[in-house]
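Student: Letter by letter, the chains look like this.
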Amino acid sequence: MATMMLGAAINAGLRKAMEDDDKVVVMGEDVGVLGGVFRVTDGLQKDFAEGRVVDTPLAESAIVGTAIGLALRGYRPVCEIQFDGFVYPAFDQIVSQLAKMRARSGGCLTLPIVIRIPVGGGIGAVEHHSESNEAYFAHTAGLRVVSCSSPDDAFHMIQQAIASDDPVIFYEPKRRYWEKGEVTAVPALGLHDAAVLRPGRDCTLISHGPTVKTALAAAAAAEEDGFSVGVVDLRSISPLDLTTLRREAATSGRVVVVHEASTFVSIGSEIAAAISEWCFYELEAPVLRVGAYNMPYPPASVEDDFLPDVDRVLAAIDRSLTY
Amino acid sequence: MTTPRLIEDSFDLDRPDRAGRPMFQLIDPEGVLTEAGARLGVSVELAQELHGDMVLARRLDKEALALQRQGELSLWLMSWGQEAAQVGSIRALQTTDMVFPSYREHAAALCRGISPADLMRQWKGAAHAGWDPKKSRFHIYSLVLGTQTLHATGYAVGAAMEKTDEVVATYFGDGAASQGDVNEAFNWAAAGSLPVLFFCQNNQWAISTPASIQMRTPLHVRAAGFGLDAYHVDGNDVMAVHAATTLAAERIRGGGGPALIEAQTYRFGGHSSSDDPKRYRSDDEFSDWERRDPLRRMEAFLRSEGVGDDYFEALAANADAFAVTVREACRSVEGSPLEDLFERVYVDQHPQLAEERAAYLAHVSSLGSEV
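Just so you know, the sequences run in chain order A and B.
Counted from 1, the first sequence has number 301 at position 301 by the working numbering; the numbering is strictly sequential.
Heads up, the working numbering is the position in the second sequence plus 323, with the first residue counted as 1.
Bear in mind the hints are in silico, worked out from the structure with no lab data behind them.
Don't be surprised by glycine CBs; every beta carbon is placed ideally from N, CA and C.
Each hint should be verified, as a subset may be incorrect.
[As the list claims (entries may be wrong)] Label pairs and their in silico Cβ distance ranges:
hint, chain 1, residue 1, chain 2, residue 2, range
1, B, Ala-682, A, Arg-201, 25 to 35 angstroms
2, B, Phe-609, A, Asn-294, 47 to 57 angstroms
3, A, Pro-296, B, Glu-485, 38 to 48 angstroms
4, B, His-686, A, Pro-298, 42 to 52 angstroms
5, A, Pro-57, B, Gly-394, 42 to 52 angstroms
6, A, Asp-47, B, Leu-466, 37 to 47 angstroms
7, B, Glu-485, A, Leu-58, 42 to 52 angstroms
Throw the hints in and build the complete structure from the sequences for me.
Tutor: Okay, structure coming up:
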């Protein structure tokens, strides 16, 4: 269809969703006139009717709580949380209200809300602007959690998330906003399908969001050393596409999970447990995890040492291969 | 030369609003029309209707508390004492106006046609909520304090976009007024000039914490600071509540923007059936508020207007019959089996949850085969 940057692809996806359904409203801090601090909503307020792109007061709990009220009225709000570390004031509205409303109401009420969160580090930001908090939301029943890594996925997944009748936490890898890729006209996968980006016979890397690129680079480097390393992009964190994960794990027998979040009680932990349980006899090595260390995100001067990079992934592949 | 003292004077820091406005009252605790009541007039017919609603609501509380003591309900939160605040306000709204309650609004819920069985479902532990808000225009209860005020605000954002003439009402208490969500809702609604009616039942106590610890400025004064129209009303005077709510709703409907009504009332019971209010408040205080009982006041007023024993006897008989239905309704309430709850978490199937459901059913089935 076209070559686009990831941020622009989300913009195009939002635009299409708003054109397709006039119940879709975009709301958040600075999303209107400014177009968002990352310009993801650039131009939407100008091009759509008044009220469909709302510059909100700077109150995250109110953004989500108000979106819930709108959704109860039949709207499909898309909320932007400006930075990952600013979502916590909205935590109660997300985990106690948004996630549980359908169950609490006995299946009577649905809340088709998308919460977009620019996620992760690597942009030299100050504190609270570089966090990877997907495990909090993946742990919460009632939410769907997805993470895009490419412009093509960004374009299609935002539309699929908006079309979902369940609430979706939509993670956008902020350090990849400006990276370009081909965007197709028709989505190849559903919102909750994992993508096998490259098959592997010796080891499988499982990643999502900003570290998919890291995993691909590590797999390419391993190939130069003669190893066939596959890469699976999760795309969906809740639910996990366990069918694909089990198949790829069983094929290679060695799995390394790579993500930016700290590994302690992480998505990697869940994947390791699930694969260990289901592929026990096919595994040649324990499932390994590469992620952040269990500390608050450090000052930007050391974030390159903190973030999982190609060398740390390669080291984990080596470890896995030596079992 | 301008002195600091002169600047301070120009701000009128001692304006009377700071201490709060007097309560609007039409009927005094003895059932006598106040000066405002005499001047504005009170409809005896409406007074009878609202009194009837309050009598039934109080009977529901009495029966439900007894059912809790008998082990039929696991918990009950009484609206006992707050009937006037709830009945007076909800009856002043149109039935099409959406309402977002907290968790003690049984009297209001009954007025919206929600059945005793549906009201007790949650407190019997059979479900988390009992009714379909799309039908009753009365949202399910919110137990996390103040969260519903933001839902009301969002609902009103939609109303404003659609340019309807509806009012979106939300109930909360003095305790919830300390929550960030409530203050964010005040601010958002005021900034957007949204059609929200915030109705605070200030029942003086947040479990054991008195309002004096919750706030220095009376809530209606605080609300005015946000830019909300603010009303201070005797919440135990059902006619005053009805009149204030009618006025506030009319102004909101006419595009006047959001308003807050602070209704002074009193929770006669504990916070819940598990609470013991004697640990934190005095018998004298209770007696003082008992003197201001909303039902007693209305009975005195109606009798003074010539309503006779026949009316009160018929009402009592009606309440007795209602009590029988409440007890029967309570026994009829049943929860859903666990296997059904798996289906109510997501609209579309979640594969991990589907696997867990299958594992649960297999487990249950395996237990059955061992017997």
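Student: None of the hints should be skipped; say for each whether it holds.
Tutor: Here is what the structure says about each hint:
Look at Ala-682/B against Arg-201/A: about 32 angstroms separates their beta carbons, and that is inside 25 to 35 angstroms. Checking the proposed 47 to 57 angstroms range against Phe-609/B and Asn-294/A shows it holds: the Cβ atoms sit about 53 angstroms from each other. Between Pro-296/A and Glu-485/B the Cβ separation comes to about 45 angstroms, which falls inside the hinted range of 38 to 48 angstroms. A hinted range of 42 to 52 angstroms holds for the C-beta pair His-686/B and Pro-298/A, which are about 45 angstroms apart.
One distance hint, 42 to 52 angstroms for the beta-carbon pair Pro-57/A and Gly-394/B, holds here, with the actual separation near 47 angstroms. In this structure, Asp-47/A and Leu-466/B meet the distance hint of 37 to 47 angstroms, their C-beta atoms being roughly 41 angstroms apart. A C-beta distance of roughly 26 angstroms is found between Glu-485/B and Leu-58/A, which places it outside the suggested range of 42 to 52 angstroms.
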